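2 protein chains.
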Amino acid sequence: MASVGYVSPQRMHFADALPLRSGATLRDYTLVYETYGTLNADKSNAVLVCHALNASHHVAGEYADTPRSEGWWDNLVGPGKPLDTDRFFVIGVNNPGSCFGSTGPMHLNPDTGKPYGADFPVVTVEDWVDAQALLIERLGITQLAAVLGGSLGGMQALAWTLRYPERLRHCVAVATAPNLSAQNIAFNEVARRAIVTDPDFHSGHFYEHGVVPKRGLRVARMIGHITYLSDDSMEEKFGRALRSAELGYSTQDIEFQIESYLRHQGEKFSEYFDANTYLLITRALDYFDPAAAHGGNLSKAFAAARQNRFLVVSFTTDWRFSAARSREIVKALVDNRIAASYAEIAAPHGHDAFLLEDPRYHGVMRAYFARIATEGGF
Amino acid sequence: MASVGYVSPQRMHFADALPLRSGATLRDYTLVYETYGTLNADKSNAVLVCHALNASHHVAGEYADTPRSEGWWDNLVGPGKPLDTDRFFVIGVNNPGSCFGSTGPMHLNPDTGKPYGADFPVVTVEDWVDAQALLIERLGITQLAAVLGGSLGGMQALAWTLRYPERLRHCVAVATAPNLSAQNIAFNEVARRAIVTDPDFHSGHFYEHGVVPKRGLRVARMIGHITYLSDDSMEEKFGRALRSAELGYSTQDIEFQIESYLRHQGEKFSEYFDANTYLLITRALDYFDPAAAHGGNLSKAFAAARQNRFLVVSFTTDWRFSAARSREIVKALVDNRIAASYAEIAAPHGHDAFLLEDPRYHGVMRAYFARIATEGGF
Chain Y
1 MASVGYVSPQ RMHFADALPL RSGATLRDYT LVYETYGTLN ADKSNAVLVC HALNASHHVA
61 GEYADTPRSE GWWDNLVGPG KPLDTDRFFV IGVNNPGSCF GSTGPMHLNP DTGKPYGADF
121 PVVTVEDWVD AQALLIERLG ITQLAAVLGG SLGGMQALAW TLRYPERLRH CVAVATAPNL
181 SAQNIAFNEV ARRAIVTDPD FHSGHFYEHG VVPKRGLRVA RMIGHITYLS DDSMEEKFGR
241 ALRSAELGYS TQDIEFQIES YLRHQGEKFS EYFDANTYLL ITRALDYFDP AAAHGGNLSK
301 AFAAARQNRF LVVSFTTDWR FSAARSREIV KALVDNRIAA SYAEIAAPHG HDAFLLEDPR
361 YHGVMRAYFA RIATEGGF
Chain B
1 MASVGYVSPQ RMHFADALPL RSGATLRDYT LVYETYGTLN ADKSNAVLVC HALNASHHVA
61 GEYADTPRSE GWWDNLVGPG KPLDTDRFFV IGVNNPGSCF GSTGPMHLNP DTGKPYGADF
121 PVVTVEDWVD AQALLIERLG ITQLAAVLGG SLGGMQALAW TLRYPERLRH CVAVATAPNL
181 SAQNIAFNEV ARRAIVTDPD FHSGHFYEHG VVPKRGLRVA RMIGHITYLS DDSMEEKFGR
241 ALRSAELGYS TQDIEFQIES YLRHQGEKFS EYFDANTYLL ITRALDYFDP AAAHGGNLSK
301 AFAAARQNRF LVVSFTTDWR FSAARSREIV KALVDNRIAA SYAEIAAPHG HDAFLLEDPR
361 YHGVMRAYFA RIATEGGF
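Taken in sequence, the protein lines are chains Y and B. Counting along the first sequence from 1, when you hit position 46 you're at 46 in full-length UniProt numbering, and nothing is skipped either side. Counting along the second sequence from 1, when you hit position 240 you're at 240 in full-length UniProt numbering, and nothing is skipped either side.
Read the hints as simulated data drawn from the structure, not as lab findings. Incorrect hints may have been included.
[As the list claims (entries may be wrong)] Calculated pairs, SDA-like style, for lysine to any residue (alpha carbon to alpha carbon, straight line, at most 20 Å): (1) Y:Lys214 / Y:Glu267; (2) B:Lys268 / Y:Thr197; (3) Y:Lys214 / B:Ser203; (4) B:Lys237 / Y:Gly295.
If you're wondering where the values come from, they're calculated on a predicted model, not measured in any experiment.
With the rest of the complex left out, here is chain Y (with noise of 0.2 Å):
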């Protein structure tokens, strides 16, 4: 399959100060974006892609002096792919506050000439969406023809239908919940804790000590990992395969496959991450729950986006966001009468899955693409 070939990232700055949830705003900030594929005339083809944890607007293509650099769901977006870029116009942006070019923690404080570490403001999904709406309006494009997005970029198009939903026609989202269980707020504060614990994290302001609290990050992006896969495809993976062919008997080295696997993980991420962001991309998640205004109401949240159409997909395996919790936002879409279809997809890879290449799902998300694009004509 065609891959859209070479990329290279966009920016774009805002003046106005973006007014956020938590009522601080970010002033003078930067967006970087990505795009593929061409808009047509009247502008209608347009999808916006959100992105999850630790990915970034770097979607689809390669960078032309990075060997390796294809973006985080390559597999799904380029020529004849399910998002097909011969007919779609697709959008990805980075967020205020991740690490991967728009205005982040790293970044200068203008208030203090500083970088702001912990004195980043928080951000929320909600504020994402924002930043992303402006995006689009500076973009010239009216109307969405969808918002996808799979976990916290789930999340993300499911605001978008509560906040701008005359801006969009389509809502895809994959892997996602309506809110984040006690469980899954429970595994950010431990993965929290092990990065603000970390000597090396300075309060927060570790890049003027010249420092990275690697530690933290580690530990973090290990328990992540694990709840990233389902049991059974870690124990098909590695089981209890041992790294050398006689036990050690060390509390220390390495003695199974999976843990030497979770430690290149951790080692990996730590090396290109950064902490302040994973702070405030964690928080992201537990914040949001838009249902919470609506006395934990979820279907009357949703009574916003009753202009919008749904394609929610769930996996089986999934044990972070459960499908259980896909067929919550369905519930709240039926009760408002919402043109709402479901795929809950059969597959080994637990919340791994919706970056993967399964034929069924792709199978989904291709059908509903297409039907996306033939209804609007392109």
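On the provided structure of chain Y, position chain B as indicated by the hints.
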């Protein structure tokens, strides 16, 4: 229900070195233990209770000078309780490597005159069972009426039937597994990394530095705690309840009740539990795998236990050691035509259920121990 009342721990010293599975030995060690009830004339009514990760020999009763010092299984063990101390003589023993009195990493290494620290030899479930068997022998007991344990304690009960089948009649294995899954090992490994990478760990020799790796211990306990509770019970107990009426929009302050609860659990644990013990005990969990010596065939492993009878108990919401893992044990027993009773208790509390007073669970335990007493004529 009456308690066994005030109890006192006892100590037994062993001059002969204990050979360990790793090839190392443990020299000049002491086991701390408690007993409840009275050993009958033919010494046939003794039940050994094996402890899990953070428990000890203090199974039942309380200490005269310490308020709220009830033993960890006090709801199960006592006069008129399911394991009835009016009929049984119950023994609790602290395992070597633990931190509640038996020889462990905080004690002096006779080879160096300094605390063992990280040099304490790696101990396995089988090593513990060997040490327990020596204690039982010294108490003059040739055959135990039963060995009972939950979780890691259940693994010890199973190991008794494989190593010393002639020295016990019944095995009662609750909320346990025939080995750890990759996911179980993964959680242990993250907890260990949190401890080992805490700068206060000092390669396991923190005693000499006058510090405790509390940051790592807190994170380790928080992770553990998430896996002890069911998703449902956490949701029911905490849900998304906030600590304050209003959101504070902070990445580091407590927003949700579940965060407060977990931090409290971590803090308490870090004040009494030894970091080296945490490493040792999680490793013993990782290593336990009686099928490994039989090409992975658990049924072949249990051929050794043909003279024993079993009660296996699991809980429907336990996702640490799921009911499916207990059914693996039952299948291996049935394959050997070993008499096995199996109860799968519909209880909401996850892995922790084995420590709680669920009427159906305690009913099963009561009936099984009554049968043991009746057939033993005491």
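A quick look at each hint next to the structure:
1. Y:Lys214 / Y:Glu267: Distance of about 8 Å is within 20 Å: holds.
2. B:Lys268 / Y:Thr197: The given pair, whose Cα atoms are some 16 Å apart, holds under the 20 Å limit.
3. Y:Lys214 / B:Ser203: With a Cα-Cα distance of about 18 Å, the restraint between Y:Lys214 and B:Ser203 holds, given a limit of 20 Å.
4. B:Lys237 / Y:Gly295: holds (19 Å)
The structure fails none of the hints (numbered hints given earlier).
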